[in-house]
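Trainee: The lines below spell out each chain.
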Amino acid sequence: MVLERNPSGTFRQKDARVDYFLHEIEKHRHQFYRFVLRNVWDSALAEDVFASAVLTAYQQKAKFSPGTNFRAWMFRILANKCFQANRDFARSQRTTSYNDEQAAWEKLNDDPGYAEMLQDPERALQECGDEIYRALRELSTAERSCILLRGLEDFTYREISDILEIPMGTVMTHISRGRAKLRIKLSEYAKETGVVRPVLRWIPSDKEEQNKQAGGGAA
Amino acid sequence: MKQHQAQLWLAYIDGEMTAAESANFLESIGEDDRRRLDAELRFEHSLSCLLAAKAECPDAAWSAARQRIAAEENRRERRYPLLLRHAWKFAAVAAAAVLMFLLLKPSDQTGAPDFLRAAPSLEALMATTQVSDDLDSVRAFLKDNNVKIGLKPLSSIELPAGHVTALRGARATFYRGTKITELLYECCGQPLKIVFMENSAAARKMIETASRAGEVQAWREIGGYYAALVGLHEARKLLDLLEDGKEVAG
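Heads up: the protein sequence lines correspond to chains A and B, in order.
Just so you know, the first sequence maps onto residues -14 to 204 in the working numbering.
Just so you know, the second sequence maps onto residues 1487 to 1736 in the working numbering.
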């Protein structure tokens, strides 16, 4: 047992586990904060959620087994805090949600604006600017968390499944559906603001098509 | 895009396929789809980079988190001082110490009463004498305590060469209502004693138990008594000093 002094002059036990715990959090604090910020979209709220998560982790530090994945353990706490914060926050509007992910991807496949974005995705996304964050905000917390844990933190599907305590198939569904919604939203924005100018294709009418087949000229 | 195909695309983009699975998947799709897949990868990578940018933890946020922890530690310390938090550990250590003492305390090791165990030292033995160490005084002591056993002088027996033996006194005690009389000797600086107990089954059993434990090196029945030689130093000849009911001149 090692003792250290409180500011008041009394003694307290210096807990080696607290030192390790604080060291690990500080090492990854930017990643932890980033996850919270992109999940709750408000910087003031993000600071509060982040501090609350760190305190909860400290209170539960006895449950963490040294040598296991500290990041995954901490992200579970952060995700739970984000879920709570987003439940308490009344969202003003939601776009049409494509809960059928297959329909969403099929729409994207037929979307010339999205096809144009894919020609130069880096430039298109740069020009979308803050719209990316707004589009992300309109996903569900589960979809957003899965996308962030996969895209930013490089967790595998299995690790995300453990962190969020949901089946792996559900993780894949959240990621797929979330990405489709993001792309639809960004494509709409890109077309509206001129980030992309999709090439228009001439679609002949039925009569024109019949004349063409009969060998006649254009109407 | 069919559901299964969509899942394969997802798994490929997220690196969830093995190298062999990736190769098989790429072979199964056409050139247009491969180009599309490549574009999706670039799109996903760019999106991740943009989401990761401009999102560092402000020092103020980290400081606020540390302050909450410090406040929590102070609150815990006020409510549960260090000693109280660890009281259960102290109690467990104390209980273990008591248990070890009870298991290992020397008096229980042989099962013999103290008068049938060797004295810890010559000084301890001599401190218990109730009479001076000359032969006449010791004989008178035996008579006063109704031990009708004659005691010969040391010169009357042949001791092993080099053994220096001396009479050091006598004492009488009671054990569970039975008088115990002891003659105290020294041999080569080591404590020895001859213990007299009246004939009884209980006395015999005690002596036999102490003999098995190595505390009694020799014993005999004489004049209505059991006489046991107690001590670690070999000196069985001392029992030859005893005579039944006769007073022997010094």
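FYI, nobody ran anything at the bench for these hints, they're computed from the structure.
On a predicted model such as this, the values are computed, not experimentally measured, just so you know.
Errors might be hidden in some of the hints.
[Claimed, not checked] Partial list, derived from the structure: chain B residues whose beta carbon lies under 10 Å from chain A: (1) 1496; (2) 1498; (3) 1500; (4) 1504; (5) 1505; (6) 1509; (7) 1529; (8) 1530; (9) 1532; (10) 1533; (11) 1537; (12) 1544; (13) 1548; (14) 1551; (15) 1722.
[Claimed, not checked] In silico DMTMM-like links for lysine to aspartate or glutamate, alpha-carbon gap of 20 Å or less: (16) B:1634 / B:1684; (17) B:1540 / A:33; (18) A:92 / B:1684; (19) B:1540 / A:150; (20) B:1540 / A:27; (21) B:1540 / A:115; (22) B:1540 / A:139.
[What the hints assert, rightly or not] Pair ranges (Cβ atoms, derived): (23) B:1562 / A:51: 13 to 23 Å; (24) B:1523 / A:139: 49 to 59 Å; (25) B:1517 / A:91: 35 to 45 Å; (26) A:52 / B:1575: 23 to 33 Å; (27) B:1517 / A:28: 16 to 26 Å; (28) A:95 / B:1505: 26 to 36 Å; (29) A:118 / B:1525: 21 to 31 Å; (30) B:1501 / A:182: 51 to 61 Å; (31) A:52 / B:1584: 35 to 45 Å; (32) B:1520 / A:95: 16 to 26 Å.
Yeah, the Cβ is synthetic: ideal placement off N, Cα and C, and Gly gets one too.
Trainee: For every hint, state whether the structure bears it out.
Mentor: For each hint, the structure was consulted:
1. 1496: For residue 1496 (chain B), the interface hint holds, since the closest Cβ of chain A sits about 5 Å away, which is under 10 Å.
2. 1498: 12 Å, violated
3. 1500: 6 Å, holds
4. 1504: Result: violated, 13 Å to nearest chain A Cβ.
5. 1505: Violated, about 16 Å.
6. 1509: 20 Å, violated
7. 1529: 4 Å, holds
8. 1530: Holds: closest Cβ of chain A sits about 7 Å from residue 1530 (chain B), inside 10 Å.
9. 1532: Holds, about 5 Å.
10. 1533: At 6 Å from the nearest chain A Cβ, residue 1533 (chain B) passes the 10 Å test, so the hint holds.
11. 1537: 6 Å, holds
12. 1544: With a minimum Cβ separation of about 7 Å from chain A (threshold 10 Å), the hint on residue 1544 (chain B) holds.
13. 1548: 6 Å, holds
14. 1551: Result: holds, 4 Å to nearest chain A Cβ.
15. 1722: 57 Å, violated
16. B:1634 / B:1684: Holds: residue 1634 (chain B) and residue 1684 (chain B) sit about 11 Å apart, inside 20 Å.
17. B:1540 / A:33: 18 Å, holds
18. A:92 / B:1684: 113 Å, violated
19. B:1540 / A:150: Cα-Cα ~29 Å, so violated.
20. B:1540 / A:27: 14 Å, holds
21. B:1540 / A:115: 11 Å, holds
22. B:1540 / A:139: Distance ~18 Å between residue 1540 (chain B) and residue 139 (chain A) Cα, so the pair holds.
23. B:1562 / A:51: 13 to 23 Å: Roughly 21 Å apart at Cβ, these two residues keep to the hinted range, so it holds.
24. B:1523 / A:139: 49 to 59 Å: The hinted range 49 to 59 Å is violated for residue 1523 (chain B) and residue 139 (chain A), with Cβ atoms some 20 Å apart.
25. B:1517 / A:91: 35 to 45 Å: Given about 21 Å between the Cβ atoms, the range is violated.
26. A:52 / B:1575: 23 to 33 Å: 24 Å, holds
27. B:1517 / A:28: 16 to 26 Å: 45 Å, violated
28. A:95 / B:1505: 26 to 36 Å: 33 Å, holds
29. A:118 / B:1525: 21 to 31 Å: Holds - the Cβ-Cβ distance for residue 118 (chain A) and residue 1525 (chain B), about 23 Å, lies within 21 to 31 Å.
30. B:1501 / A:182: 51 to 61 Å: 33 Å, violated
31. A:52 / B:1584: 35 to 45 Å: 37 Å, holds
32. B:1520 / A:95: 16 to 26 Å: The hinted range 16 to 26 Å holds for residue 1520 (chain B) and residue 95 (chain A), with Cβ atoms some 20 Å apart.
Of the numbered hints stated above, those contradicted by the structure are hints 2, 4, 5, 6, 15, 18, 19, 24, 25, 27 and 30, listed in ascending order.
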